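Below, each chain spelled out in residue letters.
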Amino acid sequence: MKCFSRYLPYLFRPSSTILSSSCHTEADIISTVEFNPTGELLATGDKGGRVVVFQREQESKNQPHRRGEYNVYSTFQSHEPEFDYLKSLEIEEKINKIRWLPQQNAAYFLLSTNDKTVKLWKVSERDKRPEGYNLKDEEGRIRDPTTITALRPMDLMVEATPRRVFSNAHTYHINSISVNSDYETYMSTDDLRINLWNLEITNRSFNIVDIKPANMEMLTEVITAAEFQPSQCNTFVYSSSKGSIRLCDMRASALCDNHSKLFEEPEDPSNRSFFSEIISSISDVKFSHSGRYLMTRDYLTVKVWDLNMESKPLETYQVHDYLRSKLCSLYENDCIFDKFECVWNGSDSVIMTGSYNNFFRMFDRNTKRDVTLEASRENSKPRAILKPRKVCVGGKRRKDEISVDSLDFSKKILHSAWHPSENIIAVAATNNLYIFQDKVN
Amino acid sequence: MNQSSFISGADGDDSLYPIAVLIDELRNEDVQLRLNSIKKLSTIALALGVERTRTELLPFLTDTIYDEDEVLLALAEQLGNFTMLVGGPEYVHCLLPPLESLATVEETVVRDKAVESLRKISQEHSPVDLEVHFEPLVKRLASGDWFTSRTSACGLFSVCYPRVSSTVKAEIRQHFRTLCSDDTPMVRRAAASKLGEFAKVLELDYVKSDIISLFTALASDEQDSVRLLAVEACVSIASLLPQEDLETLVMPTLRQAAEDKSWRVRYMVADKFSELQKAVGPEITKNDLVPAFQNLLKDCEAEVRSAAAKKIKEFCENLPEDSRETIIMTHILSCVKELVSDTSQHVKSALASVIMGLSTILGKDNTVEHLLPLFLAQLKDECPEVRLNIISNLDCVNEVIGIRQLSQSLLPAIVELAEDAKWRVRLAIIEYMPLLAGQLGVEFFDEKLNTLCMAWLIDHVYAIREAATCNLMKLVEKFGAEWAQNTIVPKVLGMANDPNYLHRMTTLFCINSLSEACGQDITTKHMLPVVLKMSNDQVANVRFNVAKSLQKIGPVLDSNALQTEVKPVLEKLATDTDMDVKYFAQEAIRVLALA
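First to last, the protein sequences are chains A and B. The opening residue of the first sequence carries number 1 in this note's numbering; numbering runs sequentially from there. The opening residue of the second sequence carries number 1001 in this note's numbering; numbering runs sequentially from there.
The following block holds chain A by itself, in its conformation from the complex (with noise of 0.2 Å):
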């Protein structure tokens, strides 16, 4: 049997922590994953508008290989089902996306949003509360008057605490949000906009792009992400739904319409389609943690770019490829449109995208070499190394192989999370949530 460490330093073994619910329902199906700036607290978002916390366990001498297991924290309903009675609209609670705040005192805070309103939300502790009233004791009798409550230690509970509702700032839906270095603002992206945000005022915030033509006859793309440069507090990207990226400086003036730069892969005149302009629209885009490289997911491939070079990308990994014949289905079902999401690990070094059949790959940028994974109830006993999977594309189809008309396309994983500095990723496939780690010593 193949192992997994030839293809990739990690042996990743499945925790126990499996997040997933027994009655399978259209609101449990997780929307968003996002690890917080330190790694010891996960976050995801379902359809039902809910957030979901998990804490990582603190190490303990009894049992020293369950570092790292991830346990609920807080679960509580970010938004609810609203609607737009000027619009006649509904306004769905699905949570798009969840982004951490870097921590500024003992509570934690996380932006949360649907295709129209962003919230803050606080995430503390509590483990005391008022005892006593004073005017009467237990018993009802009357007590000296002047006794002062005290407050007494109780049951640690965390509470998650709305602080902030960002909402009227978009017409259209918000599909990012992303956290400047600066600590004070944040941008949310729509279709066609996007707005600068102080994160301290809820009644204004200031639209840096705008792509709305004056006649909606003329449009021609949309905005499909956009992200801060992790360090740089002036530069931030968006992409496109024709498969560019637009670098812009806020610097340079307070509309940043104009881009200061642009990157853009020509089209490869041999590979024209129908479907390639579908195909190369993008679907996430993130900063490396240098903030030198980008990282851009479209329908069949993941690209990175160097900042520095703009006409073409400095690597490109084909996610399935064995897809590209099967195009015309996909566009039947619906499918060729899922926006996958990409991710970094810690150092750069290896990137992680999502497939279908409740696959996902990873490619290490040193070596080159590339793997896929499967997250399934099926392989993820406590402590087994995940065994990569293979797809065959036509020909005979060797043992532990898996063909291109077997793959199940309704099992997709769009939406994964590496962890800033360890080898542990979060992987939402529909309602559940697996998370792996590597092998520890």
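Hints were generated in silico from the structure; no laboratory data involved. If you're wondering where the values come from, they're calculated on a predicted model, not measured in any experiment. Even glycine gets a Cβ: it sits at the ideal position worked out from N, Cα and C. Keep in mind that the hints are not guaranteed to be accurate.
[To be verified] Label-pair restraints from in silico Cβ distances: (1) A:409 with B:1382: 55 to 63 Å; (2) A:262 with B:1329: 43 to 51 Å; (3) B:1294 with A:346: 28 to 36 Å.
Guided by the hints, dock chain B onto chain A, whose structure is given.
Only chain B this time, still in chain A's reference frame:
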């Protein structure tokens, strides 16, 4: 009060009951009740006496930082005034623990309030207590794990620095230096915003040795948001240094800021330009700031240009008198001319709000020759806000050249604004009518503007009709009752027969506001009959407004008219079938004491 009185309270003294309720409410589940209770914290403390406030109440309050922001905010504010309630300056340090924890919460308003209260009570500490209790708190905050506490520390250095020994002073300077190069931009921002304030309490030598290097470092920070705060600090630092040091110590940084790559920083320079100008003095202004200002007026970012445009008048006023006119004519005026045809309407409207002020500085001849064409161009601007801003500042120009010079262009501009499709624009111009009327004179007004004022009375937006009534009153105050009787009153009263009930009501509203200015004679002879006649209107809204009007104009009428004419009508209305009419009629009878 003393403690023994409370022990007797336990035996059933009812007077203490309210206090007990307040204390209970400190922990009620309802935020509003907790808030009310916190706002009466001084009452609670007073009832408890100083000792129990210190030993029981304050520990409880220290633990309540779990609470809602609004409760914490109220608490932070209250504690700033608590010195006497804990036993005077001797015990003021007891207030430090709760304020310390409030200074670390994540909510900025709460933290700022806690810092404000800490600054306040720092003054009540004796020099010894300051070193024993207060200064250690500042150090703890400054070296706290979370940036929230470190940002709070930045605001406390300047209050304790002047009152501590020189060794502690050295420590404080060291702490401030550390915070200026903190890892997080939040703390660097807090330090940058307090740099000027801290510089003011430092000895001049340390300003030169310490502050300048910190200032230079913050002004070239990688974060735009830090650099722009350094501009503000620049104002305070420049005003502390002797003139001869400015060139070497401050100007390189200021020049760099004025040409910063980030428009936000340049915006800040433009926004603070007058302060900077005062701080660096006339010589540097002439040599350095004039070209810098020209560049800001020509900046590629509209936000920067508007900020600079807003400062034009102030900048020119503060130029040294001997060379003021030359500088304006040779350097500034050309930029102003360009701004009049700027691509951004915000820039143009910012300019329009100050440009008239230049006429007083330049005098009559220059105004007529150079500025007048610009005023006229702006009066014809496509953007209503620009025109409005010119009109609203007409008084400055009136003093210098008289408004007649402008009236040819003024009139079409006013008429166009008066008929603008946006009601807010119409509303804005109405507000300037009394001012215009005063400056243009009654003749011009009657001839050109009177019809406009009357047309607004039948505008389809209520806010406009309301403003138009108010405008009439101000006009009558200006031009007198006789003018009113001849020009306004007949037209207003004519509307009483309008088929639209809203217009009939406008008549009543006009009468309400005009009666006093017009006086008893006109009110009794002309207005009252119309009002009384309208009491038979078939629309109930008109009828109850008749009742309201009668109540309003009643005090202007003599008692004879009240008894013989008003009273019967009100009595009839008081038996009306409509409930509201009845109510307002009875109300009027009661107020006018006609029952």
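How the hints compare with the structure:
1. A:409 with B:1382: 55 to 63 Å: holds (56 Å)
2. A:262 with B:1329: 43 to 51 Å: holds (46 Å)
3. B:1294 with A:346: 28 to 36 Å: violated (50 Å)
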